[in-house]
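Please model the entire structure based on the sequences and the hints provided.
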Amino acid sequence: MSIATTAGAPSRSAPSTLSAMLRPLLGLRIVLPFAAVVAIWWAIKWFWQLDDRVLASPAQVATAAIQLANRGILADYAATSLRMMGIAALISALIGVPLGFAIGANRIVARALEGTLRFLQGISGVAWLPLAIIWFGFSDTTKLTVVIYTLVVPIIVNTIVGVRAIPENYVLALQSLGASRLRIMWDVYLPGALPSIVVGLRLGMGYGWRALIAAEMLVRRGGLGDLIFGARTFSQIDRIMVGMVLIGTLYIIVDRLLVQPVETMTLARWGVLRK
Amino acid sequence: MISAPIARLMAGASLIAVILFGQTVYGAATSSTRLDPSLAGATGLSAVVVVLDFTPERFHNERLAAYGVFAGRDGTVGRIRLRNVNPDNLAALGRLAWVSRIEAVRPPAPRAP
Amino acid sequence: MRPPRSAARLRLDRLVWRLLPFSPILIFGAAWSIYWNIAHPPLAVMPSISGMLGAVVELAQSGTLLTDILASLWRLMLGALLGIVMGVMAGFVTGLNKPVATFLNPLLVFFNAISGIVWLPLMIGWVGIGTGLAVFLIWNSVFFIVFQNTVLGVQLVPEVLEQSVRTLGAGRWETIRSVTFPGALPYILNGVRSGLGFGWRALIAAELVGATTGLGQMIFRAADFSRTDIIVAGCLIIGVIAMAMDRWLLLPIERRTVQRWGMVARSEGGPGEGRRA
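Residue numbers (our numbering), protein chains in the order written: chain A, 2 to 276; chain B, 25 to 137; chain C, 4 to 280.
Derived from the structure by calculation, the hints contain no laboratory data. There's no promise every hint is true.
[As the list claims (entries may be wrong)] Which bits of chain C does chain A cover? Going by a derived footprint, with three or more residues having C-beta under 8 Å, they are:
(1) 26–39
(2) 89–95
(3) 111–121
(4) 124–132
(5) 219–231
(6) 234–246
Only a predicted model underlies this, so the values are computations on that prediction, with no experimental measurement involved. Beta carbons: idealized from backbone N, C-alpha and C, even for Gly.
If you want it as structure tokens, here you go:
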């Protein structure tokens with residue numbers, strides 16, 4: 002055992018040193034493009050001597066970010082937006098997945114609902130915002146309604162795709178063994194469709210995050226959309242840009258560090274079923 | 025050895041946890057530094073001055089109004105008077121990370137004739 | 004006795020099958036009118052079906068409906084066209100040039116994350132309220148999706164195919180025109196289709212606050228006067244237009260190209276293994 006480790010040591014350390022050498026390079030690969038953008042942005046601001054109410058410099062944006070953080074607004078609004086998104090994603094999955102199973106597994110249900118679904122997909126959630134405001138007031142319910150409406154359709158559609166890709170034999174095999182419908186859903190449809198469901202969730206988050214920002218702009222009860230739209234009233238360009246950077250960053254965190262790993266894991270664990 | 029997606033998932037989850045709860049936890053942990061000692065044992069409704077080290081915005085005014093009745097400024101814009109603050113709300117006020125101090129309202133000085 | 008009955012049964016089945024897609028609308032409409040006739044909600048909260056249809060007729064007769072639809076479609080066309088052309092061109096340059104692709108990738112991820120409506124507050128200050136604003140937001144939404152898909156499509160074209168055409172004496176442009184472009188086309192069109200989906204959403208969102216005409220503004224203006232009939236009618240019109248665009252414009256184009264050139268990725272396992280990505 003000890004001999005094996007010593008023998009294996011050089012060959013094993015080689016790739017790890019290589020990756021250790023590459024790691025700062027990887028960081029640079031991300032930092033460098035943004036550094037270039039910031040440099041160009043600064044140059045534009047400096048060259049045309051643009052007014053602060055037209056374009057804020059990167060330094061002003063950084064100052065505004067610190068100020069907003071000190072005043073408690075930044076963390077509060079970011080948390081508000083994230084919480085809304087999380088709740089909406091959860092509810093959408095709870096509605097969308099069973100509905101997707103029903104449509105995917107049953108021709109008649111599919112025929113009845115698919116057209117309507119496609120029609121509803123064409124009406125963006127934001128279009129319902131004025132009606133939602135009339136019904137639910139300037140509240141979290143309004144925001145949630147719009148975001149869930151936006152999120153649920155991609156989840157349903159992708160659940161359908163996932164269920165249809167499952168070989169019928171699996172269902173028939175379990176059926177012949179006397180498994181109940183619920184059992185089949187749990188043991189065949191859910192694992193079989195999961196990779197596709199996560200894809201749908203990821204796509205839906207892209208639409209949903211934007212719908213949330215738009216809803217927050219109109220509802221004005223906290224959240225990053227409120228932050229950037231409120232800053233508009235006083236032409237606080239620095240604040241608007243802080244908000245934009247944060248909106249992008251949060252989306253990337255959720256997409257790349259939360260949903261994408263889940264997607265990779267489900268694909269690795271259950272993805273075989275699709276082929 | 026943790027697989028790459030799980031490591032990323034954990035990093036993402038902890039980052040989001042910090043964004044969601046960081047400020048609240050920080051505010052709760054440091055609440056004793058904000059509350060004036062004279063308010064510590066308050067039982068009934070109290071009148072307080074919430075001291076901010078900046079000019080309050082819509083966000084702050086709206087939040088503060090949830091804990092008591094807004095009763096004007098105390099000298100400068102950064103000092104906000106709140107009346108009818110019950111003990112629970114007083115504790116909650118102390119947990120707000122962006123509040124710098126909470127003082128008792130001083131009795132109005134007798135006006136010189 | 005049996006054959007005619009089963010034939011009738013078959014015809015009935017076929018009729019039911021054909022009408023099935025409309026059942027949700029019928030059920031929903033019935034539930035709506037029953038509720039409306041029992042509860043009599045105020046018109047400012049919920050319109051009746053007839054009131055809503057009346058609103059459509061009223062808007063159509065006054066001509067504002069057509070003006071709003073045309074304003075929206077014009078913006079969508081302008082923004083989408085700009086986004087598609089620029090996205091495809093930039094996508095080709097980037098896809099064929101690996102260092103550029105590596106350099107731009109983080110920026111792409113970030114700016115894609117804030118594409119569309121997020122720019123609204125900043126852009127109101129820069130270009131003001133109106134067509135320019137909506138066109139920018141649509142362009143912004145469409146560009147990044149088309150760009151990403153073009154890069155993907157270009158990178159997925161097997162290098163072997165390009166090299167074989169070049170050994171036959173084709174120049175760089177000829178290779179791009181005859182191999183890379185058709186190879187990447189299905190991906191590009193896929194990007195165009197989902198890009199238009201994002202663009203359509205961005206348009207409605209932009210028009211809610213940042214325009215004086217257009218379907219989004221029509222709905223928003225109606226909300227000011229609590230005209231729920233116009234709001235619901237507007238939403239349905241938006242849905243009809245989106246569906247018509249998808250069915251009669253995008254789907255045929257996509258189907259034709261995929262039929263003609265096929266998806267390149269399907270030919271994996273063969274010489275397609277030599278990916279550049």
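Against the structure, the hints come out as follows:
1. 26–39: With 3 residues close enough to chain A, the hint holds.
2. 89–95: violated (count 0)
3. 111–121: Coverage by chain A holds here, the residue count being 8 at a Cβ distance below 8 Å.
4. 124–132: holds (count 5)
5. 219–231: holds (count 7)
6. 234–246: holds (count 11)
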